[in-house]
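Engineer: Here is how the chains run, residue by residue.
Number of protein chains: 2
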Amino acid sequence: MSDSRNTPSTLEVALGSRSYPIHIGPGLLGDPQWLSPHLAGRQVMVVTNETVAPLYLARLRQGLGDDLEVRELVLPDGEATKALASVERIWDALLAAGFNRRCTLIALGGGVIGDMVGFAAACYQRGVAFVQVPTTLLAQVDSSVGGKTGVNHPRGKNMIGAFWQPRAVLVDTDTLATLPPRELSAGLAEVVKYGLIRDADFLAWLEAEMPALRGLDAAALTRAIERSCSLKAEIVAEDETEQGVRALLNLGHTFGHAIEAHQGYGNWLHGEAVGTGMLMAAELSARLGWLSDAEVARTRAIIAAAGLPLAAPASMGVEDFLAIMRLDKKNLDSRLRLILLRTLGEACIHDATPTETLTALLEAFPRR
Amino acid sequence: MSDSRNTPSTLEVALGSRSYPIHIGPGLLGDPQWLSPHLAGRQVMVVTNETVAPLYLARLRQGLGDDLEVRELVLPDGEATKALASVERIWDALLAAGFNRRCTLIALGGGVIGDMVGFAAACYQRGVAFVQVPTTLLAQVDSSVGGKTGVNHPRGKNMIGAFWQPRAVLVDTDTLATLPPRELSAGLAEVVKYGLIRDADFLAWLEAEMPALRGLDAAALTRAIERSCSLKAEIVAEDETEQGVRALLNLGHTFGHAIEAHQGYGNWLHGEAVGTGMLMAAELSARLGWLSDAEVARTRAIIAAAGLPLAAPASMGVEDFLAIMRLDKKNLDSRLRLILLRTLGEACIHDATPTETLTALLEAFPRR
Chain A
1 MSDSRNTPST
11 LEVALGSRSY
21 PIHIGPGLLG
31 DPQWLSPHLA
41 GRQVMVVTNE
51 TVAPLYLARL
61 RQGLGDDLEV
71 RELVLPDGEA
81 TKALASVERI
91 WDALLAAGFN
101 RRCTLIALGG
111 GVIGDMVGFA
121 AACYQRGVAF
131 VQVPTTLLAQ
141 VDSSVGGKTG
151 VNHPRGKNMI
161 GAFWQPRAVL
171 VDTDTLATLP
181 PRELSAGLAE
191 VVKYGLIRDA
201 DFLAWLEAEM
211 PALRGLDAAA
221 LTRAIERSCS
231 LKAEIVAEDE
241 TEQGVRALLN
251 LGHTFGHAIE
261 AHQGYGNWLH
271 GEAVGTGMLM
281 AAELSARLGW
291 LSDAEVARTR
301 AIIAAAGLPL
311 AAPASMGVED
321 FLAIMRLDKK
331 NLDSRLRLIL
341 LRTLGEACIH
351 DATPTETLTA
361 LLEAFPRR
Chain B
1 MSDSRNTPST
11 LEVALGSRSY
21 PIHIGPGLLG
31 DPQWLSPHLA
41 GRQVMVVTNE
51 TVAPLYLARL
61 RQGLGDDLEV
71 RELVLPDGEA
81 TKALASVERI
91 WDALLAAGFN
101 RRCTLIALGG
111 GVIGDMVGFA
121 AACYQRGVAF
131 VQVPTTLLAQ
141 VDSSVGGKTG
151 VNHPRGKNMI
161 GAFWQPRAVL
171 VDTDTLATLP
181 PRELSAGLAE
191 VVKYGLIRDA
201 DFLAWLEAEM
211 PALRGLDAAA
221 LTRAIERSCS
231 LKAEIVAEDE
241 TEQGVRALLN
251 LGHTFGHAIE
261 AHQGYGNWLH
271 GEAVGTGMLM
281 AAELSARLGW
291 LSDAEVARTR
301 AIIAAAGLPL
311 AAPASMGVED
321 FLAIMRLDKK
331 NLDSRLRLIL
341 LRTLGEACIH
351 DATPTETLTA
361 LLEAFPRR
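Those sequence lines, one after another, are chains A and B. Each residue of the first sequence is one higher than the one before, starting from 1 at the first, in the UniProt record's numbering. Each residue of the second sequence is one higher than the one before, starting from 1 at the first, in the UniProt record's numbering.
Isolated chain A (complex conformation) (with noise of 0.2 angstroms):
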């Protein structure tokens, strides 16, 4: 398994005494060099689903050493999975086995997996440590990395949680093989949002490569995780805790919450509804004065290049999404606080949107 493609990149999430690796490359699954330095002790516990686990468990075993104790637990798949009774399972299987404080768990899926086993690591015996390894474009570039963990509740998305950090994240783009076409693209969603809110070059790097990439490009893939894993990295790096600079990576989220939440969570996928999100964000600072008709059609031009839909649902009226977008986290003491672009490269952070600019944008932008 230490064939010369073994040789990945590395960035550091520096966080103090919290920071950790972020290894990206090919083969890194089955190379216990990776895995075996970011356990805490003997006992290892792999969270996975029912579809990864057929593809890429036994490649993880084999990244695991002999002397271990190694508990393994295959959740369903979907966003519906993300919620406390999963979370509970994990607890209940981590007490079954008797795992003490030194345990470790691997979360081995996309960014539900992350999240969930994320938050079981974060409450386990009040914290013990877990590594990320995940399998979808999404959870490389965005989930994994920056340690926000938890579930959904009935009322909103990631209402439950906490910040935990991974003592290290693997990224093997061989699993990008066997993702889904439309999982890729809602990847290629946040990797978007990394040019639009932080990097003009990077977005036009990705103008003239987003065929590469949904061709499934190794090189260019490799490219793009790196840059987007390096932005998020020093965005958080800036702001663990979300009270600053952070909030900007949430560019298209409200928006993409609200839809998420209308048509219940799975029926879109996250990166989508931030795809439209973000078209809507863009439009919306259009609607402001910021952004020019031009840098709109660019951006809906690179959504549309990645694949992703430039119409929110028919059934959402204008009041479908005031009334989720007011529930919504990122709103403090009632304010609606909206990440917004200045400029392609440059978000901001805007909680003065008049109301009227914004029912404007919501009745005017397009359904399907």
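Be a bit skeptical, because a hint or two may be false.
[Said to hold, decoys possible] Only part of the chain A face toward chain B is listed, based on derived beta-carbon distances under 7 angstroms:
id: 1; residue: Trp91
id: 2; residue: Leu95
id: 3; residue: Ala97
id: 4; residue: Gly98
id: 5; residue: Cys123
id: 6; residue: Arg155
id: 7; residue: Ile160
id: 8; residue: Gly161
id: 9; residue: Phe163
id: 10; residue: Arg167
id: 11; residue: Leu327
[What the hints assert, rightly or not] Derived, one-sided and incomplete: chain A residues facing chain B with beta-carbon distance under 10 angstroms:
id: 12; residue: Glu72
id: 13; residue: Gly78
id: 14; residue: Glu79
id: 15; residue: Leu94
id: 16; residue: Tyr124
id: 17; residue: Arg126
id: 18; residue: Gly127
id: 19; residue: His153
id: 20; residue: Gly156
id: 21; residue: Asn158
id: 22; residue: Met159
id: 23; residue: Trp164
id: 24; residue: Trp205
If you are wondering where the hints come from, they were derived from the structure by calculation, not from laboratory data. Even for Gly, the Cβ is constructed at its ideal location relative to N, Cα and C.
Place chain B on chain A using the hints.
Structural biologist: Relative to the frame of chain A, chain B by itself:
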């Protein structure tokens, strides 16, 4: 409300950006100057229980300003309430009220309320502010200081939780007037613990003042609470997440948790189990050659003077203790890790107790 009694002592728990004050004194509960500075925003939820609500909820409401959105949640009393289901009730109430990330939870009650509300705050929208208003001696000297929050699991005490610091702790010594004598003794167990593990002078002072403490002498209680919080604050500041010295605070707790778990939580009070557990730890320390018979006798005498049990439950055999203690979360990688006494006023972490020595102690220790 601002009479001359109202000049509390204030300790600062030094934890960098998470530092917080502990105000101790009479008459704090109804005085707005103590609560108001610690609220994160306008949304406030007071969580208490059915015993405490009729006694102190109205007085606490007086201590909240008028310009707030205040909700109340009254839970059943008792250790059985300290479960994930209760935390879910808090989260449901917060979401039903539309409370956002800038809300504040106030825990009004004993250790169960404090631990649960702290955990609810730790995980609501990945962490919101909370203030502890402990109304039992145990909570005042122990569970309101140090940021340990959590709930019990059917397989073990405090298995699910988080480290989460309050914004402030308000100890109104007037609330002890309504505390049942048995609960006062349970709180004194933790007070005695601080003397045993770290402060021989304080232990000697307690030997002299125990009758005054049990007679609710206000000055003696205030001094005992201050010194206990101060000792605990010192230890927590040295070791926030229990990697080292903080473990010393668990003197008597591994034995005590075994008693509580075997008897069913709530049948023995936590402090009662810790009292008996400290005597077991002292006797084991003597068997290891560290304490003299006279020191064990002093330990037994002060535990008795505090009104605490000197014998373990008749129904608990040696194997019952061993089986539960091995699951205790303080045991790393299956080594039994105990807090013992080198001398009175100095505790140590010991993970090399010979099984036969422990077994002999468990066989010889009195039952009732």
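Engineer: Work down the list of hints and note, for each, if the structure agrees.
Structural biologist: Hints and how they fare:
no. : hint   : result
1   : Trp91  : 6 angstroms, holds
2   : Leu95  : 4 angstroms, holds
3   : Ala97  : 11 angstroms, violated
4   : Gly98  : 6 angstroms, holds
5   : Cys123 : 5 angstroms, holds
6   : Arg155 : 4 angstroms, holds
7   : Ile160 : 5 angstroms, holds
8   : Gly161 : 5 angstroms, holds
9   : Phe163 : 6 angstroms, holds
10  : Arg167 : 15 angstroms, violated
11  : Leu327 : 6 angstroms, holds
12  : Glu72  : 20 angstroms, violated
13  : Gly78  : 22 angstroms, violated
14  : Glu79  : 18 angstroms, violated
15  : Leu94  : 9 angstroms, holds
16  : Tyr124 : 7 angstroms, holds
17  : Arg126 : 5 angstroms, holds
18  : Gly127 : 7 angstroms, holds
19  : His153 : 6 angstroms, holds
20  : Gly156 : 7 angstroms, holds
21  : Asn158 : 8 angstroms, holds
22  : Met159 : 6 angstroms, holds
23  : Trp164 : 9 angstroms, holds
24  : Trp205 : 33 angstroms, violated
When each numbered hint is compared with the structure, violations occur for hints 3, 10, 12, 13, 14, 24.
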